[in-house]
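From first to last, the protein sequence lines are chains F and V. First residue of the first sequence? That's 1 in the numbering used here, and the numbers climb one at a time after it. First residue of the second sequence? That's 1 in the numbering used here, and the numbers climb one at a time after it.
I should point out that these hints are in silico values taken from the structure, not numbers from a laboratory. We put the CB at the ideal spot given by N, CA and C, even for glycine. Errors might be hidden in some of the hints.
Said to hold, decoys possible - Below, simulated BS3-like cross-link-like pairs (lysine-lysine); rule was C-alpha separation at most 27 Å, straight line: (1) F:Lys231 / V:Lys282; (2) F:Lys10 / F:Lys430; (3) F:Lys333 / V:Lys139; (4) F:Lys430 / V:Lys290; (5) V:Lys290 / F:Lys229; (6) F:Lys333 / V:Lys68; (7) V:Lys125 / V:Lys216; (8) V:Lys256 / V:Lys68.
Claimed, not checked - Pairwise CB distance ranges (calculated): (9) V:Ala199 / F:Asp362: 23 to 31 Å; (10) F:Glu166 / V:Phe201: 58 to 66 Å; (11) V:Asp213 / F:Glu166: 45 to 53 Å.
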Amino acid sequence: MSGHATYVPKSDAGKWLEKRLPIISLMHSAAVSMPNPRNLNYWWVFGGIAMFMLIVQIVTGIVLAMHYTPQADMAFNSVEHIMRDVNWGWLLRYTHANGASMFFIAVYIHILRGMYYGSYKAPREVLWLLGMLIYFLMMATGFMGYVLPWGQMSFWGATVITNFFEVVPFIGDDIRILLWGGFAVDNPTLNRFFSLHYLLPFVIVAVVVLHIWALHVPGSNNPLGVEAKTKQDTLSFHPYFTMKDLYGIVLFAIILFYFVFFNPNFMGHPDNYIPANPLVTPAHIVPEWYYLPFYAILRAIPDKAMGVAGMFGAILIMFVVPWLDTSKVRSAKFRPAYRIFFWIFVFNGLLLGYFGQVSTTDNFLGIDGITNLIVSRFSTFYYFAFFVVVLPLLGLIEKTKPLPNSISEAVLGEEGAAEEAADLAAVDAKA
Amino acid sequence: MNNLSQNITSVIRKTALALLIATSVTGAAFAASKVEGAPEAEHVDWSWAGVFGTFDRAQLQRGYQVYKEVCASCHSMDLVKFRNLSDAGGPEFSEAAVKALAAEYEIEDGPDVEGEMFMRPRLPKDAMPAPFANNNAAKASNGGALPPDLSLIAKARGHYSFKDLFMGRDGLTGGSNYIYNLLVGYEDEVPEYITNADAHFELGDSNFNNFFDGYKIAMSQPLYEDSVTYTDGTVATLEQQSLDVTSFLIWAAEPKMEERKSIGIKVLLYLIILAGLMYAVKRRIWENIKH
């Protein structure tokens, strides 16, 4: 999909720059002339939405950092100072806090879309790996950001999660001391978390650039999972997809700002409005909602070391999905059996999220004798089975439906595709 | 195969949705279910709830009076400054009134030119006075229990339920209903529904409250009928005082709520119109494009 750098500088300054640093033509080919499959549906706008959310987080975060104090005795009150005394401080903080959640929602949908349509398959494995790296960095950034207000959940969440590293053989204790900057979660921990929370988003930006580059080479996958081959299969990125993405971003912003203005604390935890107190443990330590499925996996596994391995494994296993899936067909549209397993996987993920925040000993939906713990073990089993059993085996035995010859044929019909090809040829001949 | 799989997919989707709804509904039901015979917590219809909700100024002023005359003898409110009492969207006392209210208390200042610390009347810029010098002093005077600071108490209690997702209920209604019910939920003696459920229940030095987790609360009943005499002539029933002070605590925790909501409505209207325009442009561009 090379050869679409159609940008020709018109002004003298443009020509001057193009000779020395062809950055404008690079951007032009990435965001204007890039041919995109014409049949992308609305699930494809979440990449643009995630990018928008990243920018929102960085902009609000930088301004918040101007008013925040990363010191254990002052952090909590400095956040309240932002809420009460800084002009528009409440808007910045609520946007940043809810923005983190909405960023994760966008990214989760983006990932699931990739899984449904097989976007990770060759030649897009590196694109997928980079995306997973972004997700992993987001998890780390989100966790450290949640520690900064230094409320009860900040403090105890940090304590629980840093203690996971204890199970690493030989160097576990050293890792923990390095994370803490001492022998418990304390002021040095807050300082380094703040520093890293400021750093990682820019690392994410760098990986996003690579992610887009890796997208640029093979081009976007599409709902049919058939590669775009001819000109009539694609449309230029601008104006078709810039406009579609912008529309999606505005719709998404409506949801974001509904929470910011009318329900800003919904996705938080009341205990985080209590200043951190190392002497008082909250009744239930619950992580941010976007970690809940993984937290449920941790709790479902009886052995602590295995639980931690399971939790991190649940994230790491997603990196190798391109090599686990043996199916030659990309899109679930033509994989009737995969589609079923996929939707069970989605539902199972939501269920794990539910188990992450309820008591393990309570009965599941009030059914006598069946505890949440038992059901969450089945959920955990399915989570991993989906990757290590379903993905490899299903590709070998599934009877897939016939694929269309091309995107244009599927969209326009055989005659339409021929007409469009003739039209495009005529335009080319004129040029 | 095709039809079958589509049917199965649709069944799974519907079951998933039904289960999701079921879990959220039963979750709420469990949170509400208590020991048999226990009184139901009241859900107050707050004036400030909802997308268009605003505080009742007179209520906030009465609530401040309750805080000042009753709560403040044990509870601090460190994050609220006197000047906030005249801010828009709050009790909106006049600036002169706030000056007078602040001047009722002293604060240590200094050092002066001779290096001495001195006491001076509080100014609007100063925080509300704390009843105790430090946490240890507070505990010593309260039988070992620490009266929490009330600046954020309304956001630090209660829990956010899925019902809060709609109608701009703000997640604050959970905390406010909790506080209100706690204030009116005291009993002089352990009620029968407790002794029926648990014969070994012992109150000890604690006080009994129907709506406190575990029923045993260190704080003795703070409000009774006519604990304060309202300057605006409102009859000071226990319920009235509890409603007033709870609203005041909500304001103290969320002083920008009115500003937030009024801007929010404009922002959302703007975005909805923008989305409409975006959609129109998008449609126009894609008009003759099959996709």
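The hints, checked one at a time:
1. Taken as a hint, the lysine 231 (chain F) and lysine 282 (chain V) pair is honoured in the structure, with Cα atoms around 21 Å apart against an allowance of 27 Å.
2. A threshold of 27 Å between alpha carbons decides the hint, and for lysine 10 (chain F) with lysine 430 (chain F) the separation of about 21 Å falls inside it, so the pair holds.
3. Between the alpha carbons of lysine 333 (chain F) and lysine 139 (chain V) the distance comes to roughly 66 Å, so the proposed pair goes past 27 Å and is violated.
4. Using a Cα cut-off of 27 Å, the hinted pair lysine 430 (chain F) and lysine 290 (chain V) holds, with the two alpha carbons roughly 24 Å apart.
5. For the hint pairing lysine 290 (chain V) with lysine 229 (chain F), the CA-to-CA distance comes to about 17 Å; that is within 27 Å, so the pair holds.
6. This hinted pair does not check out: lysine 333 (chain F) and lysine 68 (chain V) have alpha carbons roughly 66 Å apart, beyond 27 Å.
7. Simply put, lysine 125 (chain V) and lysine 216 (chain V) have alpha-carbon atoms about 38 Å apart, too far for the 27 Å limit, and the pair is violated.
8. Pair hint lysine 256 (chain V) plus lysine 68 (chain V) holds up; C-alpha atoms about 21 Å apart against a cutoff of 27 Å.
9. At roughly 25 Å, the beta carbons of alanine 199 (chain V) and aspartate 362 (chain F) sit within the given window of 23 to 31 Å.
10. Checked against the hint of 58 to 66 Å, the C-beta distance between glutamate 166 (chain F) and phenylalanine 201 (chain V) comes to roughly 40 Å, which is inconsistent with it.
11. Separated by about 31 Å at the C-beta atoms, aspartate 213 (chain V) and glutamate 166 (chain F) break the suggested range of 45 to 53 Å.
In summary, the numbered hints that this structure violates are 3, 6, 7, 10 and 11.
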